[in-house]
Amino acid sequence: MHHLVLFNIIDQIRSLGWPGAFSLLRNGLVLGSLYALIALGYTMVYGILKLLNFAHGDIYMVGAFIGYGVLVAFGGALSPTIPIVPLIILMFAVSMAGSGFLGVAIERVAYRPLRTAPRIAPLISALGVAFFLESSVQLLTNSAHYLYNGYQLGGKNGNFGPLLNPVFTVDGIPVTVVQTLVILTAVALMGVLVYLVYRTKFGKAMRAVAFDREAAAMMGIDTDRIISMTFFIGSVLAGAAGVMYGLYLGDTYFFLGFLFGLKAFTAAVVGGIGSIPGAMLGGILIGLAESFSTGYVGGQWSELVVFGLLIGFLIVRPTGLLGSHAIQKV
Amino acid sequence: MSDTPDTPGPPEPPPEPQSSAESGPKIGVDSWVASHGGRSGRSGPIGSISRAWESIPDVARFLAFVAIALSLPFWLLKSEGDLFNFGLFTLLFIGMGLGLNVDVGFAGLLDLGYVAAFGIGGYAYALLSSGYYGIHWPAEVVIPIAMLAAVIPAAVLGFSARRLLGDYLAIVTLFFAEAFLVFTNVSNPTIFGKGITGGANGIPQADPLTFFGYQLTSSKQLYFFLVGAVALVAAALYFANQSRTGRAWRASREDPLAAEVMSIPVNRLKILAFIFSWAVAGLFGAIYVAILTSAVSTNYSIGLLITIYAVIILGGLGSIAGVFVGAIIINCVFVFLEPQTDHPEAKRWIFYGVIILLVATLKPWYKAVVLCVGTIASGFIVHAIVSATAGSAWTSGKTVAGAGWLSHWVVIPKVSHGNVNNLLYIGLVVAVVLVAMLKGWWRIIALGPTIYLAAVVWENVLTENPGVTAFILFGAMLVGLMIKRPQGLLGTARVEIV
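Sequence order for the protein chains is A and B. In terms of the numbering used here, the first sequence opens at residue 96 and continues consecutively. In terms of the numbering used here, the second sequence opens at residue 2 and continues consecutively.
Calculated from the structure, these hints are not laboratory results. Be aware that one or more of the hints could be misleading.
Said to hold, decoys possible - Taking CB as the label site, the calculated pair distances span:
| hint | chain 1 | residue 1 | chain 2 | residue 2 | range |
| --- | --- | --- | --- | --- | --- |
| 1 | A | Tyr293 | B | Arg269 | 40 to 46 Å |
| 2 | B | Arg62 | A | Lys145 | 45 to 51 Å |
| 3 | B | Ser379 | A | Thr236 | 26 to 32 Å |
| 4 | A | Arg412 | B | His137 | 44 to 50 Å |
| 5 | A | Lys299 | B | Ala259 | 32 to 38 Å |
| 6 | A | Glu309 | B | Val416 | 53 to 59 Å |
| 7 | B | Met263 | A | Glu309 | 23 to 29 Å |
| 8 | A | Tyr293 | B | Ala259 | 35 to 41 Å |
| 9 | A | Ala188 | B | Ser244 | 57 to 63 Å |
| 10 | B | Glu346 | A | Met313 | 54 to 60 Å |
| 11 | B | Met438 | A | Thr211 | 17 to 23 Å |
| 12 | A | Asp307 | B | Arg62 | 43 to 49 Å |
As the list claims (entries may be wrong) - With a cut-off of at most 25 Å between alpha-carbon atoms, the simulated DMTMM-like pairs for lysine to aspartate or glutamate come out as follows:
| hint | chain 1 | residue 1 | chain 2 | residue 2 |
| --- | --- | --- | --- | --- |
| 13 | A | Lys145 | B | Asp168 |
| 14 | A | Lys145 | B | Glu255 |
| 15 | B | Lys440 | A | Asp319 |
| 16 | B | Lys415 | B | Glu339 |
| 17 | B | Lys415 | B | Glu346 |
| 18 | B | Lys485 | B | Asp168 |
| 19 | B | Lys221 | B | Glu81 |
| 20 | A | Lys145 | B | Asp256 |
| 21 | A | Lys145 | A | Asp317 |
| 22 | A | Lys145 | B | Glu261 |
| 23 | B | Lys440 | A | Asp317 |
| 24 | B | Lys221 | B | Glu141 |
| 25 | B | Lys485 | A | Asp319 |
| 26 | B | Lys485 | B | Glu55 |
| 27 | A | Lys296 | A | Asp317 |
| 28 | B | Lys221 | B | Glu339 |
| 29 | B | Lys79 | B | Glu346 |
| 30 | A | Lys296 | A | Glu309 |
| 31 | A | Lys296 | A | Asp319 |
| 32 | A | Lys299 | A | Asp317 |
| 33 | A | Lys299 | A | Glu309 |
Every residue gets a Cβ at the ideal spot worked out from N, C-alpha and C, and that includes glycine.
For reference, chain B alone in the conformation it holds in the complex (with noise of 0.2 Å):
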């Protein structure tokens, strides 16, 4: 690693085709596995970066994550809001993707109420730690008794999980955080004269997180005591998966019935990841309360569970640093996204920067070039059809914060036109399963127009609704990912061989 610092950190670099084609299939290896290892590891800028990342020794990384959090309010988040939006949420769902990472990266089972879990602890510290019963204890004591509360649904779920498969279990969990939901916003029930759950209201007035007297309160104090909880968490995690145990959850994820014969306990397991992720959840729940100062139960829907999802399966399933990456990642598009932004421009550069990425991944370059070039001349031509016949009403708005030059290419009417605009998704909609199902040069043809589809939808109807926007976004990066890189970015690649 030392001598030339262009030698590619990993002991299994790309073969080259010729060799490989001399040499034959590596003995020991199964070719097919071996191909599919090398593609997914090699592709584009994403794969030198993760492949240049995992050189890097754990250790390394984590002191260096926690040295840059904790100088961050000095220099980047100087401002108590932008510490609020991006610092305290980004740790929250670092915090977050931690646990479900436990159940669903180490050990594979796909749990769907994980929201559940992050409401219970939120609502025992609620109720444990606010003016609503009048109980005011102590958030050395709240804390635990949160993860408590988690974890023994997550104990009980577990268990009746013992003979289901993963579909069911999905299911079941799922279920859970639906009726978590209906219990906590309809049923209500009363208990010492008052609803238990608060119902839609929820419970108000949490008090601040107070460790032994002493009462953290501002941006800042919480930043600080997230950043060590965070790592804390994250450290406890590593050394779970890198234990006996850890091992054991791979094993069975990868096989249970292998891994079952193995003499592994394999339904022990689950139920333990499940506890792991649950109390982990809890944990930040309760953390979660006590900085929005209330446990509302819309605050823990089907979105909260899908943004989670997003951040550790674009990090990579399994990897402890994915989730960090993820969390950024899924944080900054939340608050660049935000209708009151300090940055709308921000905006803009999500979406032109990903296609930008998207378009410079395609291989050969002159499909790229091609791509760019259909691009842009579908963007004039349309632009210049639209102007000649429907009058320079429907090119002559202005796009959302700056970048002027962009109404020049892109069509962006004077007044907004709603039927339009639904008909321009469902047109994109429609275009994109198109050109999913188009193969080679017909499916790089269809896709300038399709790009510029996008754009002019983005431009017209998506920055408009931002809240929206950032789910469908989550949703179509889900289904994305999982055909082109199951992964993530920086998970390993799993392939199942029948």
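This is chain A alone, in the form it adopts within the complex (with noise of 0.2 Å):
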């Protein structure tokens, strides 16, 4: 039985080649970056407040259906009022403000008030705050699909748009303006993050919180801010994704948060929970892994390789790839 999978997986190999191993490579790390983009905000939040923030997923969601309205505000895909580089900018501009502030509205009603309480209390709510979401959207959309349909965008009479338009071919293979959006604008984000954590004042102090809240509260840091903060930033990352998943997929619908959340939050485990860098890699690395399993093995089986490769990981390597090992003091 082993062998027959094995021997199945060995001949789609062969049978795909190089370019259809190239175009899962590149499916591969497109998809990764969007996971990696929602992956920083689990991993940030969790590394100052030691809280899985179930509703990232759902931030995310959110954020794809705010960028869908603007769209749909400037006469939608095939009948744009405005240019599309605008439009595009436009869209990712206010999903991202209108995720950033939902993500601080959460953490203020939320979370906040439980601080103090007993661990599994936040974890809870933040369950409820998923749910609250994406039962609220599904009122809102009456549980309909919407669609983008990012590929026509800008096209003449509804042909396929410029988005759609190869900007490379290795071997046949194309890789479209759109896909190259998501990477480019992924790591531009990335970029401005490190930076932002790295080289900054406020980064210097949200560390600190991460390191030791109480001790940062006593060195004179407003502790609170800066989780609103911190909030607002990963908030703001998962709506740019939302808007990157819109024009790359196309398709967005209110459950779309929970699987693609999880998946991230998956890739911020194997790379190193609280670990900046390491949910990029983790979120590349589990990208990469649902597209060759669809691949090789099919599109069926893909999120039980996602959940094996994280059990996987919880039991050889619990701090991830690039995680510190944390010494618990009592």
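Can you join these two chains into the complex? Each is in its own frame, and there are hints to help.
What follows is the structure, encoded as structure tokens:
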């Protein structure tokens, strides 16, 4: 039985060949940059509050919907009323701001009153927020799927738009504008984040709060403000990922955030929870794992492959790839 | 307890303010912990009910439940539909809650994969007792197998979670539940010529429960069987909780490190708690499938998980009696919110009842009065403004199911406007966030219009979408309970001493 599965996979690898492998690599990188952006939000919040923010995946989903709302407000993908470059920038800006404030509001209402509560309380609260967001969007959208139709954006008469133009091709496999856009935007945002966290005064305060909240508070750091800012930044990244997802895959609905968020959290765990470079690395790894398992094993198994990866990592190396081993002091 | 009816039952009555000021902090008791416990024990009518409740001995409560449950089909739940919707499903929720209460409540492990165990038990029953593979084993054989099938992944997960902190465990179990859904719904590997889980269609036509040749088919038979099963499981878990193991679970819940130092085998206890939980889930999962006669993977979604969490958290984590109370309340909310219900007016009473209860718990009393006046006044003001400016078409709508007088206070447009409704809902969420940020009198002043807005949204939007509404309420309830009353209705307050 096992041999059979293995031979199938080898056959699949042979028949797809190098162009197939390259297209899987490309898909994996694009998907992985989305995972990485969301995983950053998880890992930052976990690092600073030791809280698994279940609602983060749903913030990403709301971000995708805000981007869709902006697109529709300017005529939709088929007949945009303004040129597409400012339109896309506007979609990103509004969605990022909206998700950011949503994240801050969630922290304010659902997590801040629970700072001193037993640890299970904020987790259950986060679960409640996640479910509240999901059901609310389900109510507002009547459980419908909403199509971005990003591939038609800017195209004449509903044809394929410039987003699907190839930037370059490798052995006949094109890398399109939207794929390049996703990867480059993700890299740029991560660059900004790394600068913010490691090169500014705010980042220093944030790392101090993550290291020891009480000590940081005694050093005069306004920890509540830093925590709010952390939620804001993480949610901004999730909102950007939502718009990218919409432009790239083009279909958004209320349950989108749950599984995607779960995989992104897996990415954060694989990379080492609390570690910012780890989240990026883990995101790319999970994206590649999902893409290659879809291509070689079959799409219906890709979730299980990611799950196996999570279990394996937790058993073999619970600190993740780049995480540091925290020593618990009593 | 026998001499005067007004003596409080529990041994620690809240101290009078002046006497505690005289005697200072109690010796041997952390003053903050004591005041916290006192405050949460006293809070409002819920506190006094739970105090009265605690003075009843456990055995009496248990016997009262069994007696009332056995008599219900003869006076309250006479119709077949009521018995099925209220009786059977409440008992199923109790069963599920009892199982989840072991690992979340007793042992303090955040288990988010519980629905998978419920599903595994169900699928095991559907595979071994249906026409799908042509196997028709009796229930007394299949149910132990179903429980075993649910226990094996529990042991594996518990084992892999040995080294994991609480949050990692949560994510692993949540992912396990999701992987279970994907496996049953999408993967569906072919075994013996058929997809083993039946894909999206699930496995139809499961046999009715058959014990030793005796078939349970009518709702009444199933109801009495379930009362017995729930009572048995509840009694077993009660004794487990009272035992050495139960004490060790509590110890490792409160402080795993200290428990470990006291040579309590924390990891083994975690696995044991998992096994207990998932075995109960497997049992009731099998019964659930036998009642519904099919196993479909969409039944085991995260919605069910949230519902069971709502049950045990509303009732109080770690409290067996709380599971019963929580299940009754949650299931009634579910049934009353259904679109085709025999009690359409009950939706309204749920909403206004909760609002009135919350306002009534407000202290001091004049704040509650100001809030009431503010809410009612803002209603009439808004109603007058809308009918004067936007015309009578915006205010002449009818409420759902009776209570026509409400339409003089709540703005109900004649025709439902989707976008306006969406804006109202978003406005309500924003208003609640703002109210949560305000303090003191500003909060009371802002709360009045917010409650009115909630009433408008409830009458216009939420009663139109009952299925989603229940889940919105549950999500909001989890957050609200965690902030205001984390011990639920009947749980004991926990204080983490740092």
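So, going through the hints one by one against the coordinates:
{"no.": "1", "hint": "A:Tyr293 - B:Arg269: 40 to 46 Å", "in the structure": "43 Å, holds"}
{"no.": "2", "hint": "B:Arg62 - A:Lys145: 45 to 51 Å", "in the structure": "38 Å, violated"}
{"no.": "3", "hint": "B:Ser379 - A:Thr236: 26 to 32 Å", "in the structure": "29 Å, holds"}
{"no.": "4", "hint": "A:Arg412 - B:His137: 44 to 50 Å", "in the structure": "47 Å, holds"}
{"no.": "5", "hint": "A:Lys299 - B:Ala259: 32 to 38 Å", "in the structure": "35 Å, holds"}
{"no.": "6", "hint": "A:Glu309 - B:Val416: 53 to 59 Å", "in the structure": "57 Å, holds"}
{"no.": "7", "hint": "B:Met263 - A:Glu309: 23 to 29 Å", "in the structure": "27 Å, holds"}
{"no.": "8", "hint": "A:Tyr293 - B:Ala259: 35 to 41 Å", "in the structure": "37 Å, holds"}
{"no.": "9", "hint": "A:Ala188 - B:Ser244: 57 to 63 Å", "in the structure": "60 Å, holds"}
{"no.": "10", "hint": "B:Glu346 - A:Met313: 54 to 60 Å", "in the structure": "57 Å, holds"}
{"no.": "11", "hint": "B:Met438 - A:Thr211: 17 to 23 Å", "in the structure": "19 Å, holds"}
{"no.": "12", "hint": "A:Asp307 - B:Arg62: 43 to 49 Å", "in the structure": "46 Å, holds"}
{"no.": "13", "hint": "A:Lys145 - B:Asp168", "in the structure": "9 Å, holds"}
{"no.": "14", "hint": "A:Lys145 - B:Glu255", "in the structure": "18 Å, holds"}
{"no.": "15", "hint": "B:Lys440 - A:Asp319", "in the structure": "17 Å, holds"}
{"no.": "16", "hint": "B:Lys415 - B:Glu339", "in the structure": "23 Å, holds"}
{"no.": "17", "hint": "B:Lys415 - B:Glu346", "in the structure": "20 Å, holds"}
{"no.": "18", "hint": "B:Lys485 - B:Asp168", "in the structure": "23 Å, holds"}
{"no.": "19", "hint": "B:Lys221 - B:Glu81", "in the structure": "8 Å, holds"}
{"no.": "20", "hint": "A:Lys145 - B:Asp256", "in the structure": "17 Å, holds"}
{"no.": "21", "hint": "A:Lys145 - A:Asp317", "in the structure": "18 Å, holds"}
{"no.": "22", "hint": "A:Lys145 - B:Glu261", "in the structure": "22 Å, holds"}
{"no.": "23", "hint": "B:Lys440 - A:Asp317", "in the structure": "20 Å, holds"}
{"no.": "24", "hint": "B:Lys221 - B:Glu141", "in the structure": "20 Å, holds"}
{"no.": "25", "hint": "B:Lys485 - A:Asp319", "in the structure": "20 Å, holds"}
{"no.": "26", "hint": "B:Lys485 - B:Glu55", "in the structure": "21 Å, holds"}
{"no.": "27", "hint": "A:Lys296 - A:Asp317", "in the structure": "13 Å, holds"}
{"no.": "28", "hint": "B:Lys221 - B:Glu339", "in the structure": "22 Å, holds"}
{"no.": "29", "hint": "B:Lys79 - B:Glu346", "in the structure": "20 Å, holds"}
{"no.": "30", "hint": "A:Lys296 - A:Glu309", "in the structure": "18 Å, holds"}
{"no.": "31", "hint": "A:Lys296 - A:Asp319", "in the structure": "16 Å, holds"}
{"no.": "32", "hint": "A:Lys299 - A:Asp317", "in the structure": "13 Å, holds"}
{"no.": "33", "hint": "A:Lys299 - A:Glu309", "in the structure": "15 Å, holds"}
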